[in-house]
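All chains, please: the whole structure from these sequences, using the hints.
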Amino acid sequence: MCLLVTGSVIATPGRGRLPDPRHVSPEGTRSPPAVLGRGLASSGSPRPCGVERLGVRRELAMGKARASGARPKAPGAPAGARGGRARPNPNPFEVKVNRQKFQVLGRKTRHDVGLPGVSRARAIQKRTQTLLKEYKERDKSNVFIDKRFGEYNSSISAEEKMMRRFALEQQRHHEKRNIYNLNEDEELTHYGQSLADIEKLNDIVDSDSDPEERGTLSAELTAAHFGGGELPHQRPSQQPGPEAERPRSRKELIEELIAKSKQEKRERQAQREDALELTEKLDRDWREIQSLLARRPPQAQSRPQDKPQPDAYDRAVRELGFEMKAQPSDRMKTEEELAREEQERLRRLEAERVRRMLGTDEDQDSKRPAHMSADDLNDGFVLDKDDRRLLSYEDGKMNVQEEQSREASDGGNEEEEEEEEEEGEEDAEDSGGSDSHSDLECDMESEEEGERPEQEPRQTRGGRATGRGQDARGAARAELPYTFAAPESPEDLKSLLTGKSVEEQLLVVERIQKCHHPSLAVGNKAKLEKLFGFLLEYVGELATEDPPDLSVIDKLVVQLYGLCQMFPESASECVRFVLRDAMHEMEGTIEAKGRATFPGLDVLIYLKIAGMLFPTSDLWHPVVTPALVCLSQLLTKCPVLSLPDAVKGLFVCCVFLDYVSLSQRFIPELVNFLLGILYIAAPNQPGPGYTLVPPFRPRGKHSELLVVSDEGDAATWQRRSLSLHWASARHPQTETEANHTRLSCLAVCLALVKRCVHMYGALPAFHDITRPLRALLAQHLAGGRHPRELQELCRSALADMEAQERRYQPLVCERSKPVPLKLFTPRLVKVLEFGRKQGSTKEEQERKRLIHKHRREFKGAVREIRKDNQFLARMQLSEIMERDAERKRKVKQLFSSLAEQEGEWKALKRKKFKK
Amino acid sequence: MERVRGPRNARRALGRLLEAVLANRAEANAVFDILAVLQSEDPEEIQDAVRACSRLFGALLERGELFVGQLPPEETVMAGSQGATRKYKVWMRHRYQSCCNRLAELLAHPSFQVKELALGTLMKFVQLEGAHPLEKPKWEGSYLFPRQLFKAVVDGLLSLEEDCSLLLSQFCEYLEHDDVRYHAMQAAADTTARVANAHPEVPLAFWNNVFTLLSAVSLPRQESDVANFYVKHAAELSDKWKVTHLKEHRKAFQLMWLGFLKHKLPLSLYKKVLVIMHESILPHLAQPSLMIDFLTRAYDVGGAISLLALNGLFILIHEHNLEYPDFYRKLYGLLDPSVFHVKYRARFFHLADLFLSSSHLPAYLVAAFAKRLARLALTAPPEALLMVLPFICNLLRRHPACRVLVHRPRGPELDADPYDPDEEDPAQSRALESSLWELQALQRHYHPEVSKAASVINQALSVPEASIAPLLELTAFEIFERDLKKKWPEAVPLEFVPAQGLLGRRGDLCAQHFTLS
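Just so you know, the sequences run in chain order H and F.
For the first sequence, our numbering begins at 1022 and goes up steadily by one.
For the second sequence, our numbering begins at 242 and goes up steadily by one.
For the record, the hints were derived by calculation from the structure and aren't laboratory data.
Don't be surprised by glycine CBs; every beta carbon is placed ideally from N, CA and C.
Worth double-checking, as some hints may not be accurate.
What the hints assert, rightly or not - Which stretches of chain F does chain H cover? Using the computed rule of at least three CB atoms under 8 Å from a CB of chain H, they are:
1. 574 to 580
2. 665 to 679
3. 682 to 694
4. 728 to 739
5. 746 to 754
In structure tokens:
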């Protein structure tokens, strides 16, 4: 037998089919699905046949059942411990308090207060609703199926549910009967109102858009939705009356709610329509009256004509007003600020350099701040050259003002400006008058400081250039194109540059750089990186020419520096490559000939350039350290066989000393070399106290190379700087010139010796280092053949050596820290959070937590099963008792009836006897 | 011979003559024609003739058609009344003799092909003559070797005028054979003695040739290896033959070297000899102690030669109980600045490490060595410094008594270094009173690795010694390559002071002392 609620009936005869217990409602009343679903163990599990198996089967899903049972969330659940707390005054006799002996700070207690009576009652109630039902239906095979759409689906809202049901119904109708019906009798509705009606209303105001009405929801609605699910319990209290006897289901309540809210909405709408109608009516009336009231022209129409057309002045003012204003940070900085900034920058860079020089970061971890200058440039920002020039001057207590005025005048068009500076020309057509003036001033100033011409080569050149006629340069400039393709090979660059004057070459290189600035196109970076390599190669070629074109190199160095600042990585690679080449060549000659020869001027110039591009004071530097080894090789492996060799060797010494000028590091090879030079500058007579070190030999063809051959030449000698041209001198010098060069070499050598003395004076073994030098110098002095100046130099060098204090402090090792004894103090661990297992990894903690949870759940499930069984046993007992009582009653009844019958019979019998 | 017909015809003609001589004794006079070609100017013709001679006399030797025994003068035999066969044999032997003489002369021919061919032919004759001896055995089974012929070959090789190293290297292939080697040693010793006696000033080329030959001789290590004979003897090898005993070989070897070394050799040869002394010469001598004179003399020469002699001396001291007075004093004297620059630096320091490895050396001695090396390190290039600094530290580690050199707490401040660098006796040098300030100075060395190595003394020295073996052969080029390959994790630091010109700023030395014009 089936009961039809809605939809079709499905008969399920026999026991073969296992019906979903949710759909079973034996009494024919609808039980709340939530309670059913929660209480029953396994929805969809095979239906138990007996009591014994029931418990066993339930075991499987007990965890879930308990889990949901332990945390009651459904609104219908009776208040447990939590509910008790929520309620203001529970029965004090029901409250059981677990008294704690000690208060432990930070411990969370969960079971200090409980309501055992209440929770037991709840459990029993739940079992009655679920387990008992199941028990009672254990032999029943008929089912009652509720096929209403979404009846037990709590995820669908009631409204939606209705909609879907309606849709389904419509669909069914449609399918069955109205296949050929062309939608004639169907009326589309919206919220129960015919759409046709709605369309008729031209001005409909949505209820939701009404500001006054919106925010306030009815109290009922709010309670229903947000009241914490207390609805079923509140309802009876709110509605005392005849209906209160029968508790209404949630569904009904919700339907009621919906109906109510809909009604309210409709009422509001009607109200608003009324109000609108009234307003319109009012408007109409007003207009009629208005025409009578006033005659003046309506303002609204006249206003647009009223507005005056802005004239040119106004427009200009607006434009100026709206023009993008300079940001505060972009304002022109004052000179002091600039100076301070520069100082700051310098200080930072210097600190960085010192750190690298001392190599303090060697043993620290790799979290060093990136090098600043490299950082500055990687973002493709335009290299601010003026900035740098400024700082350089500051370095040598130079005129900051000049540079700053230049800086100040460098307004927007920096590039133009720079170009002009580089060329030392003014271009009237494309730069402002003030700019050129400032340039002029600069140039004037630089001209004024004529006493240091070589220190500011660019400025003086600029000044000279301005002094000369403009037309020639204009013509020269006109010949050069303004854009150049980036050279793809060294030959390209060479073909671009050869045959041009120094200034033109510079211009070409600059223009190549400008045309291919990395910010202009994608591939430009690589092109400029290549340009560095080509320029370097070009420099090498210039240096190997005869005579070497040193003035061009002198200017190109600045370009190389700029490019290197832009691309430090590739530039360092290029320089390293060049150095490797040079060393390979030298190694090759050593293997082939057994000894090396001084390389060409190009290698020396490469080494010099490397020292200018990279910081030479670093303890370790990817370019500088190999360069140092290279320099050392030049001094130790290359014998001095000729005068150019001596010049080259002295140049190498100068470069070497410049490399270590900041770090003051010790170079044994250099001292050896200077010793050798001193030796070959004196007539050979073996003296005590010094030993020559290869590549110099005490005897041989070249052992008196620098001895002046003619006394007369010594008298006419004037001290001069050595020319680098002599290093590659293939043109023969006259004997007098050669003698003068020899004396100059000796002078340079003595100056370097002096420099070394000053530099190494602080070294503890200074006197041992300079002992051979001292012996040789004394010998030189004794010879007395040198010009006065040289003798003075000798004497002062000797005096400097003697002046260094002789203090020998015995060496002492740094006291190493004593190895600490092993201590057995307990290890103290900070407890950061109570109740959590300490001292294990996250995974381990998680595992422990899961194990704990599982055990708890397992115990809970066992307990639940036990209780279920107890409950069932109780039920069975009560059933049996009931049955027994019934039987007793029946027996009693029978006995009584029999006794009655007997009594009657006996009475009749007695009557008979009496008769 | 008509040259017009070209070399092919000449060769054919020679072939025909050869056939004729071999086929018929009556045609024997054709030998003169062949020998005449040997005197030719044209190398091609000479080569043809040499080949022809080789075939001719090879065949004759095998046939036994040459006179055996003491060769009588040609005239007496021809005039005498012996049989025609004997006359023929004697006559042919004389031709053979003149051919061999000519071939020995050809060893000095300017053309290398001719020389090579002549050498090959002569050695072939040696082989054949050994197998078919041209002298009568003194007793049955006596050992016979064509000593005369072979001596001529060695004489030819050890030319006085020119460098025969190429030809000698060819000859060295024959030295694989024990008998050839044995006789070569004897012949070389004879030749050296003869030439040195004959000439007051022996040319350098001769010494070089001799050395090339001598250094190519290497004796087998074991007795059993002496079985490889060039000359195939009909009889079994006999124990009575000297040539089968390694001892005899060693004697010959020793004689040869002693004979060579007793002469006044050029310095370059000294070096060469000393370089191979410990490996190739000393182990094979019958009495290595005989080398003492030579080695001590070389040790006293000074410089690189002393360094090299050290190795041989060490072997003698170590294995042959040589007592060398003042060995350490001399070793100390060897230490001068050039020691870091010579080619044999690695060998020297390897040996020095060995000599100083004994823990029984007195502390003053070790201290003197350490101080001396430290002093020298002030002039050393980086590759040597990287080796010598751990060397010094090892010395200090081995001899805890010397640690005062780097750790002297509460020592008085001094006005001068008590160490006397000019003192030759390490005992008098007062090194123990000094400290290694040189190492402290080297901590400021420009190369980071050197400064790191020198900074080791700042801490208490660790117990295990640093191995210097991998550092011995270090070259500056290797350091350079290593520096280049070193990875730099960050961006390359840049100079922040902008460049202004090639010579740098005003303060720079380059700008002070050099101009571009």
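To see whether the hints hold, each was checked on the structure:
no.	hint	result
1	574 to 580	holds (count 3)
2	665 to 679	holds (count 4)
3	682 to 694	holds (count 8)
4	728 to 739	holds (count 11)
5	746 to 754	holds (count 9)
Comparing the model with each earlier hint shows no violations; every hint is respected.
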